[in-house]
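Participant: Single-letter residue listing:
There are 2 protein chains.
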Amino acid sequence: MKKNLFLLSLLLMNVSVFAQATWIWYPGDYEIWLGNQMQNRRTERTTFMPPFWKLDSHYNLMDFHKEFILSQPEELELFVEGRYNVKLDGKILMGYPKRITVPAGKHKINLKVFNQDHVPAVFVRGKTIQSDASWRVTFEDKEWIDETGKASDQSGTTWLQAGSWNFNDPLVPPSQFKLNTKEENPVTVDKQAKSFLLDFGKETFGFLKLKGLTGKGNVRIYYGESKEEALATETCETTDFLEINQSAKRDSVMELTKAFRYVNVQFDGSVAIDGVSMLYEFLPVTERGGFRCSDEEINKIYDVALYTLHLNTREFFIDGIKRDRWIWSGDASQSYLMNYYSFFDSPSVARTMLALRGKDPVTSHINTIMDYTFYWFISIYDYYQFTGDKAFIQQFYPRMKSLMDYCLTRRNKNGLLEGLSGDWVFIDWAEGLSKKGEVSFEQLLFARSLETMALCAGIVNHTEDASQYAQLAKEVKGKLFQYYWNSEKHALVHSRVDGVSTPHVTRYANMFAVFFDYLNSAQKQEVKQHVLLNNQVPKITTPYMRFYELEALCALGEQPYVTKEMKDYWGGMLKLGATSFWEEYNPDKKGAEHYAMYGREFGKSLCHAWGASPLYLLGKYYLGVKPTAPAYQTYLIEPNLGGLQWIEGKVPTPQGEVEVYCSAKEIKVTGAAGTGTLRFKSKKKPTSKQGEIRSTGAGLYEMTIEKGKSYRVSYSL
Amino acid sequence: MKKNLFLLSLLLMNVSVFAQATWIWYPGDYEIWLGNQMQNRRTERTTFMPPFWKLDSHYNLMDFHKEFILSQPEELELFVEGRYNVKLDGKILMGYPKRITVPAGKHKINLKVFNQDHVPAVFVRGKTIQSDASWRVTFEDKEWIDETGKASDQSGTTWLQAGSWNFNDPLVPPSQFKLNTKEENPVTVDKQAKSFLLDFGKETFGFLKLKGLTGKGNVRIYYGESKEEALATETCETTDFLEINQSAKRDSVMELTKAFRYVNVQFDGSVAIDGVSMLYEFLPVTERGGFRCSDEEINKIYDVALYTLHLNTREFFIDGIKRDRWIWSGDASQSYLMNYYSFFDSPSVARTMLALRGKDPVTSHINTIMDYTFYWFISIYDYYQFTGDKAFIQQFYPRMKSLMDYCLTRRNKNGLLEGLSGDWVFIDWAEGLSKKGEVSFEQLLFARSLETMALCAGIVNHTEDASQYAQLAKEVKGKLFQYYWNSEKHALVHSRVDGVSTPHVTRYANMFAVFFDYLNSAQKQEVKQHVLLNNQVPKITTPYMRFYELEALCALGEQPYVTKEMKDYWGGMLKLGATSFWEEYNPDKKGAEHYAMYGREFGKSLCHAWGASPLYLLGKYYLGVKPTAPAYQTYLIEPNLGGLQWIEGKVPTPQGEVEVYCSAKEIKVTGAAGTGTLRFKSKKKPTSKQGEIRSTGAGLYEMTIEKGKSYRVSYSL
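Line by line, the protein sequences give chains U and F. Residues 0 to 716, numbered by numbering that gives the first Met the number 0, are exactly what the first sequence covers, in order. Residues 0 to 716, numbered by numbering that gives the first Met the number 0, are exactly what the second sequence covers, in order.
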């Protein structure tokens, strides 16, 4: 009776009591599983195109547990993906319980779940007990019993905190995850007797929907990111071919998503179609960042960049929406940075990093690419800095370490890395770029990765590891300057082959050395003049490496130059009608030449995440906001007009947005998160009613920005 | 036209043309997947009971390829488990082709398959091209393309030979595998108004079938390996509970297999059942070995042992059919040896070893048990010796090595192994057996495992590894005698704790040291007298360790003593009505006490593979047949009557059976495989018309036995 009353009161209680319960799993496993699902969805003209690297799987047998103290008995509802059993205080319960009552007192509940197809996951809901990240999980509980039935009391088991995301509905388990969709209509329709040519007005992504489809015959659908592609029925990259035989009208939604602006629908026989729309598919994220300025072209670039990033922010940060729809570490590492200045969607960063890393044993570089392994390391430290998610490093330090072990075993006799059999030394898509021997760019990323390892080892209190990695980083960095710095060239040279440094200079290592702060002031100026602003050094044509090139220039205070470059390069794509930014852009090409790549007429992706870098540059180097301690506990605001009359915008932090306005006369700032420092130059003595301005040198000033407070500074640029 | 004629002739051709085509996969992957299926089928009274160690998964993305030269064009049929694409000579074909034509000339075909749920597998059938173990497979092809579309021409990819078994029907893919079944009826039925009590006459295994089931109500089924268990509705180990509501009569087969001799079926409401039978489930194997002798009790023991082994020879060699139905390395290693003297079903051995090993990284001992890791190593060398399957060692040497690496990293400062956190030091089910400190038994198995590694490293031409492992083995073996041999005790002592050798003597290390030939002749005699034949040393009560105890005695020529022990111990179980041999037998217990274990009334398994050891002992030490080189290229026949008047039997080899008859006056032998050597003692000069008998010492004789030839020797024992 008492129990029933309790149950009744439980049912009558407000739903918010249950707000914390969420589906949980082994951390990283769902990310790997979902990554497999997504990366094996790529098709090209009906042909299946899976990745060429090893894909891992979730652990199929999982133990979840939680210890707790109850002041009164509690009814728990159990939802499980997989075959399972339940133990209360080590005693196994009969069958597959869906509801159990836990008595008052100290207790321990274990759920053990097997699932080969999907990730073992549980959702537990009670008045006070809910499944969440505080639960512990392991893939080997090692709980054997002796001949008397006594369980082993020792344990060699590593328990991690459970992984979770936002699956807060017990009836929608993780395996059923789908992105959101929204129906959208074409802006123009060219309808003929046996065809539709549709223009959705801008690059988009989703499921095409044929409305009121009926009759008997074939439907052939040709998708195009450009009109040329949609019309090129023999060479467009993606298609859908259907055989129809239905008497009643029915809406038909395509099975797989496609990227397109234009769609060419052709049909024959007695097939009739009332109209065509599409289900736009997207990850719901919040536009927390923002940027506006006095230049409308820059504002347009920002908007198109944001849209480009959003289209590529999906189950994971992907490279491009037409192809590959795989997760590439180099591409993703840029998306993370752009994301910190726009959506600040941390789960998307963590998901992507976990899917990329996969599991041990390591049998190749991430995506098979040496540089992409290093971006993975470097991104983790960025992630910690921006989000303060220490648990991520604590949980995955072993995976960081084993990946670094892989790199360390591949060093040559000089302690440097060169491409061994099976290693792709990528760097950039650039014709004739040498990958031979010990490339300086790879050593530089290697050194930075070792520094990241040292920092992360410190975070997890592995002091011995920390000092070893620091020492290794120092050695590699030392060799970088010993072997590659050429004082006649005023630059790091590209590579060493057979122990001899080549005289060839490329931009890659030099621009990274700037914003990694590996160069002294003199070297920075040398690199600026002799590499970055030197047209004799081979130009960069991908937005991918333009990201870093412009970041280096910004770090050197060359924002006005960068503004011009941005307008030329991204503005150049806009002038060609781009509604999202491209995988590659060469202003020298003409017309449909722009669409070709990989030896294919429409091989190029016209919506590539790495094309969205202005998001990052404008937030970090114009609004000038960046963390100087994890989770923005401390941060800097160093606005730079970059030749614009005024700029304003928002930069998200884990706790609210930092707001910045800047003109030549006035700076306005609202603080968020921890403690900010506004830093600026002024010709005259600046004034503010809201706080104290400190002079920090000739014409240099600083002001402390507190959380939630707004400040206005009068100054003179 | 030509093509159609070709196709027609292909279809008209005899099926035998296609005989070689078989489903293929990544070696070891199907075994792991099937192991997961089987080991997660265990239930106890409706509760799911999965293993407590890590289970691995198949690689979900697989590339299969084959290069070949065709004298004329050939049509290939493709069957695939998973989403796939096909490349011919590196060029990808459209869609999901089911039939392709390969032109004459030199060609390469690749199939790339993704499957998360099941093992990626392919079946390719043409006139000359068939999928088989000659195909190559990899989980990472690393075939990237550059910006011009050119594929990488270097490769860091390891290609292995495809795995296969006997899936020769394209329409029955590996994921659909089921063991065979055969309907069987109870020998007695006690039918009451609302119940059936059935006796199937002997221990059996399969799906219970309720015939002509109808009505509304509950059916409760209680299974028993003993009648007591079937009647103990509250404590029997396995049950099925059904709710019935059906108006028409229907046969109903239970979903999961059970082990039983007796079944107690109870029902209520309006439920009616016409009768009950069962579908006996089994792996079809051939009884290639055989044994008969002058003692009918021994013959009965042999028959019951063979049945016990067969019941436990399933998807894999399992421990027992009631529980755990998991794969245990220690149990399986005995089944392998018994199998070599009965079914000689090599695929079952390979499957079991692969499922046990799983994949890297190694995170615990096999089954969490230190000794079970070592049995795995030792079994591999046995497997090679009996079957000559060198490819197994070539393919899986890396997995041997990484498992040994795991062991090597767990050595203590003395270079020895003791149970660390998470290690189960099992040895045997024996009350009060100490597992503390450095147990001699574990060091002995460790030394033998290192010797196996040295041998296998040699087989795969890793000469450096081979010498390192040989050196390590020597060191561990040296310490074994230095630390544990106690000349006052005339034995190896049980353990060392805190650097001090204990004075306690157990049988384990001593009996293994005998048949590993680690002892000199004097030590062997000491161990025989002071350990093996000494009642003061704690007795062994499990058939598991009796296996090795009796093997040691046989190796010392004590067959007459072993005959007596066999009759006492196994004969003892038969006298208690056993129809299969038990997990444990203690003659001191009475009645239903025999059925209890693990603190549960019917916890003991009455059909345990390790109970079948007479199969091995009688084949190897009575018929006396054993290989002295891989695959019986050379072998020994050394018959031993063991106090019996006559023995006769067959021992399987990869090529036919060796047949042996022996009495005190006559030996008859038929050779198989390579070259045998018959070795025997005789008081008088032996004679044979079929071959030349060599004298090899005082009363010792040898004779060469050729393949397929029969020999008869007159002698005098």
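Worth flagging that the hints you see were computed from the coordinates, not collected in a lab. Here the structure is a predicted model, which is why all the values come from computation and not from measurement. Some clues are possibly wrong.
In silico BS3-like links for lysine-lysine, alpha-carbon gap of 25 Å or less [to be verified]:
#, chain 1, residue 1, chain 2, residue 2
1, U, Lys538, F, Lys149
2, U, Lys149, F, Lys476
3, F, Lys53, U, Lys65
4, F, Lys193, F, Lys208
5, F, Lys149, U, Lys588
6, F, Lys476, U, Lys434
7, F, Lys53, U, Lys86
8, U, Lys107, F, Lys53
9, F, Lys412, F, Lys358
10, U, Lys435, F, Lys86
11, U, Lys53, F, Lys358
12, F, Lys86, U, Lys358
13, F, Lys149, U, Lys589
14, F, Lys400, U, Lys400
15, U, Lys90, F, Lys400
16, U, Lys149, F, Lys53
17, U, Lys53, F, Lys53
18, F, Lys706, U, Lys149
19, F, Lys65, U, Lys400
20, F, Lys208, U, Lys53
21, F, Lys193, U, Lys149
22, F, Lys488, U, Lys53
23, F, Lys400, U, Lys358
24, F, Lys86, U, Lys149
25, F, Lys358, U, Lys400
26, F, Lys90, U, Lys149
27, U, Lys358, F, Lys566
28, U, Lys53, F, Lys435
29, F, Lys193, U, Lys53
30, F, Lys65, U, Lys53
Participant: Decide, hint by hint, whether the structure agrees.
Facilitator: Hints, verified against the model:
Simply put, Lys538/U and Lys149/F have alpha-carbon atoms about 23 Å apart, close enough for the 25 Å limit, and the pair holds. Distance restraint check for Lys149/U and Lys476/F: the Cα-Cα separation of roughly 34 Å exceeds the 25 Å cut-off, and the hinted pair is therefore not satisfied. Only pairs whose Cα atoms come within 25 Å are accepted, and Lys53/F paired with Lys65/U is accepted, the gap being roughly 20 Å. Our distance criterion of 25 Å between C-alpha atoms is met by Lys193/F and Lys208/F, whose separation comes to about 17 Å.
Among the hinted pairs, Lys149/F with Lys588/U is consistent with the structure: their alpha-carbon atoms are about 22 Å apart, no more than 25 Å. Proximity of Lys476/F to Lys434/U is assessed by CA-CA distance (about 51 Å); at most 25 Å being required, the pair is judged violated. Our distance criterion of 25 Å between C-alpha atoms is met by Lys53/F and Lys86/U, whose separation comes to about 19 Å. Restraint check: the Cα-Cα separation between Lys107/U and Lys53/F comes to about 22 Å, which is no more than 25 Å; the hinted pair holds.
With a C-alpha separation of about 28 Å, the suggested pairing of Lys412/F with Lys358/F is violated against the 25 Å cut-off. Of the supplied pair hints, the one linking Lys435/U and Lys86/F is violated, its CA atoms being roughly 30 Å apart against a limit of 25 Å. In summary, the hint linking Lys53/U to Lys358/F is supported, as the alpha carbons are separated by about 14 Å, within the 25 Å threshold. A distance of roughly 29 Å separates the Cα atoms of Lys86/F and Lys358/U; the hinted pair therefore is violated under the 25 Å criterion.
Taken as a hint, the Lys149/F and Lys589/U pair is honoured in the structure, with Cα atoms around 24 Å apart against an allowance of 25 Å. Between Lys400/F and Lys400/U the CA atoms are separated by roughly 21 Å; this keeps the pair inside 25 Å, and the hint holds. Using a Cα cut-off of 25 Å, the hinted pair Lys90/U and Lys400/F is violated, with the two alpha carbons roughly 39 Å apart. At roughly 21 Å between alpha-carbon atoms, Lys149/U and Lys53/F fall within 25 Å of each other, so this suggested pair holds.
A C-alpha spacing of about 20 Å is found between Lys53/U and Lys53/F, which places the hinted pair at or below 25 Å, so the restraint holds. Of the pairs offered as hints, the one joining Lys706/F and Lys149/U is violated, with about 54 Å between alpha carbons and a cut-off of 25 Å exceeded. This hinted pair does not check out: Lys65/F and Lys400/U have alpha carbons roughly 37 Å apart, beyond 25 Å. At most 25 Å may separate the alpha-carbon atoms for a hinted pair to count; Lys208/F and Lys53/U exceed this at roughly 45 Å.
For the proposed pair Lys193/F and Lys149/U, the alpha carbon gap of about 38 Å is over 25 Å, so the pair is violated. Between Lys488/F and Lys53/U, the direct Cα distance comes to roughly 56 Å. Violation of the 25 Å bound is thereby established for this hinted pair. Between Lys400/F and Lys358/U, the direct Cα distance comes to roughly 20 Å. Compliance with the 25 Å bound is thereby established for this hinted pair. Straight-line distance between C-alpha atoms of Lys86/F and Lys149/U comes to about 56 Å, which puts the hinted pair past the 25 Å bound.
Between Lys358/F and Lys400/U, the direct Cα distance comes to roughly 20 Å. Compliance with the 25 Å bound is thereby established for this hinted pair. Taking the CA atoms of Lys90/F and Lys149/U, the gap is near 60 Å; set against the 25 Å cutoff, the hint is violated. Of the supplied pair hints, the one linking Lys358/U and Lys566/F is violated, its CA atoms being roughly 53 Å apart against a limit of 25 Å. Taken as a hint, the Lys53/U and Lys435/F pair is broken in the structure, with Cα atoms around 42 Å apart against an allowance of 25 Å.
Between Lys193/F and Lys53/U the alpha-carbon distance is near 58 Å, which puts this suggested pair outside the 25 Å criterion. For the given pair, Lys65/F sits about 20 Å from Lys53/U by alpha-carbon distance, which is consistent with the 25 Å threshold.
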